[in-house]
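Number of protein chains: 4
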Amino acid sequence: VSPFKGIVPYLITPIDCDGRVMAGVVKELCDRLVDAGVHGLAPLGSTGEYAYLSDGQRVAMVETTLAAAAGRVPVFAGVASMTISGARDQARTYCRLGVDGIVVSLDAYFPLGELEVESYFVAIAESVELPIAIYTNPNFQCSDLSIDVIGRLSTHPNICAIKDASTNTGRLLSILNRCDGRLDILAASSHIPACVMMIGGKGWFSGPACIIAPQSVALYDLCVAGQWERALRLQRSLWAVSEMFARFNLAGCIKAALEMQGLPAGSPIPPQRELTEDERLQVAAVLAQVREATSVN
Amino acid sequence: VSPFKGIVPYLITPIDCDGRVMAGVVKELCDRLVDAGVHGLAPLGSTGEYAYLSDGQRVAMVETTLAAAAGRVPVFAGVASMTISGARDQARTYCRLGVDGIVVSLDAYFPLGELEVESYFVAIAESVELPIAIYTNPNFQCSDLSIDVIGRLSTHPNICAIKDASTNTGRLLSILNRCDGRLDILAASSHIPACVMMIGGKGWFSGPACIIAPQSVALYDLCVAGQWERALRLQRSLWAVSEMFARFNLAGCIKAALEMQGLPAGSPIPPQRELTEDERLQVAAVLAQVREATSVN
Amino acid sequence: VSPFKGIVPYLITPIDCDGRVMAGVVKELCDRLVDAGVHGLAPLGSTGEYAYLSDGQRVAMVETTLAAAAGRVPVFAGVASMTISGARDQARTYCRLGVDGIVVSLDAYFPLGELEVESYFVAIAESVELPIAIYTNPNFQCSDLSIDVIGRLSTHPNICAIKDASTNTGRLLSILNRCDGRLDILAASSHIPACVMMIGGKGWFSGPACIIAPQSVALYDLCVAGQWERALRLQRSLWAVSEMFARFNLAGCIKAALEMQGLPAGSPIPPQRELTEDERLQVAAVLAQVREATSVN
Amino acid sequence: VSPFKGIVPYLITPIDCDGRVMAGVVKELCDRLVDAGVHGLAPLGSTGEYAYLSDGQRVAMVETTLAAAAGRVPVFAGVASMTISGARDQARTYCRLGVDGIVVSLDAYFPLGELEVESYFVAIAESVELPIAIYTNPNFQCSDLSIDVIGRLSTHPNICAIKDASTNTGRLLSILNRCDGRLDILAASSHIPACVMMIGGKGWFSGPACIIAPQSVALYDLCVAGQWERALRLQRSLWAVSEMFARFNLAGCIKAALEMQGLPAGSPIPPQRELTEDERLQVAAVLAQVREATSVN
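Protein chains in written order, with the working numbering: chain V, 274 to 570; chain S, 274 to 570; chain F, 274 to 570; chain H, 274 to 570.
Keep in mind the hints are simulated off the structure, nothing from the lab. The beta-carbon is built from N, C-alpha and C at its ideal position, and this holds for glycine as well. Some clues are possibly wrong.
[Said to hold, decoys possible] Not close to chain H: a few residues of chain V, all C-beta gaps over 12 Å, as computed:
# : residue
1 : Ser-275
2 : Ser-358
3 : Ala-360
4 : Cys-452
5 : Asp-453
6 : Ala-513
7 : Ala-524
8 : Pro-537
9 : Arg-553
[As the list claims (entries may be wrong)] Here are the in silico distance ranges between beta carbons for each label pair:
#  : chain 1 : residue 1 : chain 2 : residue 2 : range
10 : F       : Arg-546   : H       : Pro-411   : 49 to 55 Å
11 : H       : Pro-543   : V       : Asn-412   : 44 to 50 Å
12 : F       : Ala-558   : H       : Asp-494   : 37 to 43 Å
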């Protein structure tokens, strides 16, 4: 059975001015999230600025997360590279460190054909004995997977879920109809999680869950219980967080919000800039509005 | 109250070899659809090849639809132009002919600023006393409406609904949160209608409804009754029709399917080509699969 | 031999508040341009807002231009439609009115395959005995022609030139290498005309030539004489006009500049807006700079 | 004075099955190119698959090129990163190794604002005392530089040239007019080098020059001598190489061509695939055609 399910926040990567992962911040964030009831933790996603980290920073972030989780919830590390050899090295390293699964995406510089895309994911799946979720983010990555490729990949025993970060919810239903029973569907930040749950999704893997963890868990529970009207009411209250996340730099947005919640997570990695004062006011307003609407502090 | 709700098929425009609207086909199609329980009829949408019709063909299509509907269900005509004066002429003409509402979109050649886009819709809304649904289709039209413009347009008394034909379901929730109580949301062909209904949508305005009208009405009824599990089961069976619609030329796809259902609707307007034999076989397979799954003939 | 060569300004279409073509303005503009030595006149291009004109306005504009030209230079009318039948009607009408050639482009709503694109141009070429220039503008039109399609079209006896309004000058060289001797290459506004002339182009068909006609003719003469250093010096002085043209709404820009040159050409057709006061100051500055640099008043 | 001028081939990076740079191949390639008269050598560009190399492979490639050049021609190393700190580390390392200049580009995952883009290039320029060429490749990189940013960067004493790998030759003229005397313009593979030379460019930095070095040098010499007609005749013969380069995977194309020229350069880094047999036949045909047309073996 796939371990990929429930509310799984994509962790930010807090980096100090010497380029080191701030272990204390990661520990505190993980504790908060586990206390709030999340079902897993995911370092090295888009929100975690994986593309901006050196190999050493990536390893440090995975180690720190595993130590912070301390076995309470599974840890799913992001694997992403332009090359098969690079991705394979990452997968093996994280496997050795003890992660419970990997979330694999493909970076690309030159355009790739379907067979080249497929060969990348198959090579990673062959390289480790770990559950694998495919991750595709056409908004930021220069490659994508066709439904045909996804269909073929779903037959690999190690590949058990997909997180599609397009905004196209219908595409998720197409994947589900094609791969039913072989591949679980996960909502990303750009989807309405309640809708994805309704069509058969298994959870929400997203950056925003870092800052609204209790509400996200409550939403998940309502969906699992089939309480769709209540789920939708909560969903509508939470949607402003997803809108904010799409409007600003992902890492900048979540790092600023965490600081407002008492966890100084630092700045996005340059040349990415911090949010402006005006943008921070918008974030604060959204957080206040969500807090009020959901009466969860 | 807005008249835009329920299942409203976008009618194909059957044209004979002399360029005339085939009134008999329109009549037969409308009868079938009304008999199946649809809640309205919409000539001159994307599926209706509005962009390919002369002014005279457009008027003929609206007249023919009104005659066929014979007051049994409301008729909503599409209004679209590059210019304010062109759209205003269309709106006034269709109003005089007796339509129950208009669905207004903006064609563009050069890029337009927000104020220019807004001025177009306001000018049309001022020109007739008719309920108006805004229609935006970023897949095919070279203009789009920002949430800010939609928010301002929603305050106009004549503008009461929006059909957003992007694939981005989250955008519909953003519109709903922004314009609640002033603007109804309608699902387009590119959305999962059951998901749009669940977040608060009022209906499904779409080309595919031409060929699966009874099932579409059944789906709508389940959604309105809050029977979400049953609705979703039906939705999953119907989704292949939406996939097919996205894969082929819209008009070619629906015209071919109608012919298979015993209604010879002709070819798409050249230089658009007819479906190939292989594509027709795919359409036939989807129709057979849906018929079997839903046991509605 | 192809009549498409030299400096051929794309005429703006001046429309009064009743929607009528302002014949006096067209006459005055054509007189100025012919006096400046241009080699032809082209109504109904992008600069002429062809996409915003009714059928009646289009015919009026062609008739007015023909009357104004009075046989002094050839007149090339733009033909553009979504449908083969629409384009054929235009071509036949303009042929009957007496134009010396047509410049044909394809509007599209739904995507078209190569064979559909080709069938459109062939059908127009079969419908009239007139020299034809193909016109493709991927910046504004939703269709484009592949080099393969252009290669096949170049074998049609009526098709003798191509105006490619991409910014990709290398594409022109590819077309030239493929179709040499069968298809002449024309520079559009988005290319550096001196570069296009250098690789073998036959002229410059463009909106900006309306407002810098004497300098454009001088540039053409230098190129034809092989005086490349002097041509390039003049070209660099004129380039600011092309930059300005790309930055603003085409019709708004040229209409404002003509008004500054004493020819009140009206506003772009709504919802397109007029230039702002600040934008008009930028246009005035560019005109002054070009006038000074070229010492042609 | 800027060292960036003349014909400067972007070197492929030959990698053996253990992931090591094949020094013998690099040496042989550099010898051939220097013998053919090229004016510099550029490791770590797009053609060199920089995006696919580990930090160690990048350093090895620069060291190998420097050893192979042995001071006969300058070596310009590519610097590219998502982060300021990563790019700074590269720049300092290559400077210490002894390169004569760096060609700096910006990788991006999330969109960046103008000031963030500018801050990246300024930070690199501040970090080393080396001549810098800016490199922007909007076809493959997810960031671009506006003319305003380029204008401001041109005032930095270390920034002396720009290689713009768009296909928009007019943009080069805009840069030249804006930054004249401060920033030299270089043609990339996607431009017609003779056109760029004619408007004032200083050279051609490109992957194709690896396989047509003698002809490229001859072209450059004709341009410098102002022999434009002869330059253009040669340019037209060579253009098929640029077309081929744009049609196939860059590294795959050049590596295959070098193998045909007797230099087994290996395969592109997986998951990029090798050219198919049919594609190799096309490459061979182009090489034969160019050889024949230019009578240079």
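Least C-beta distance between Ser-358 (chain V) and chain H, which was stated to exceed 12 Å
At about 6 Å from chain H, Ser-358 (chain V) fails to clear the 12 Å cut-off, so the statement is violated.
Over 12 Å to the closest beta carbon of chain H is the bar; see if Pro-537 (chain V) clears it.
At roughly 21 Å from the nearest Cβ of chain H, Pro-537 (chain V) sits farther out than 12 Å, so the non-interface label holds.
Is the nearest CB of chain H more than 12 Å from the CB of Ala-524 (chain V)?
violated (8 Å)
Against the range 37 to 43 Å, how does the distance between the Cβ atoms of Ala-558 (chain F) and Asp-494 (chain H) compare: consistent or not?
With Cβ atoms ~40 Å apart, the hint holds.
Could you tell me whether the CB distance from Pro-543 (chain H) to Asn-412 (chain V) stays inside 44 to 50 Å?
With a Cβ separation near 26 Å, Pro-543 (chain H) and Asn-412 (chain V) fall outside 44 to 50 Å, so the hint is violated.
Beyond 12 Å from chain H, beta-carbon-wise, is Arg-553 (chain V)?
holds (16 Å)
Just checking, Ala-360 (chain V) versus chain H, shortest CB gap more than 12 Å?
Per Cβ check, Ala-360 (chain V) is inside 12 Å of chain H; nearest 9 Å; violated.
Is the claim that Asp-453 (chain V) lies outside the interface with chain H correct, judged by CB distances over 12 Å?
Asp-453 (chain V) is indeed farther than 12 Å from all Cβ atoms of chain H, at 28 Å.
Separation of Ser-275 (chain V) from chain H, once the least beta-carbon distance is taken, above 12 Å:
holds (25 Å)
With 12 Å as the threshold, tell me whether Ala-513 (chain V) passes as away from chain H on beta-carbon distances.
holds (21 Å)
Minimum Cβ separation between Cys-452 (chain V) and chain H greater than 12 Å?
holds (22 Å)
In this structure, is the beta-carbon distance linking Arg-546 (chain F) and Pro-411 (chain H) contained in 49 to 55 Å?
violated (29 Å)
The structure does not agree with the numbered hints 2, 3, 7, 10, 11 stated previously, though it agrees with the rest.
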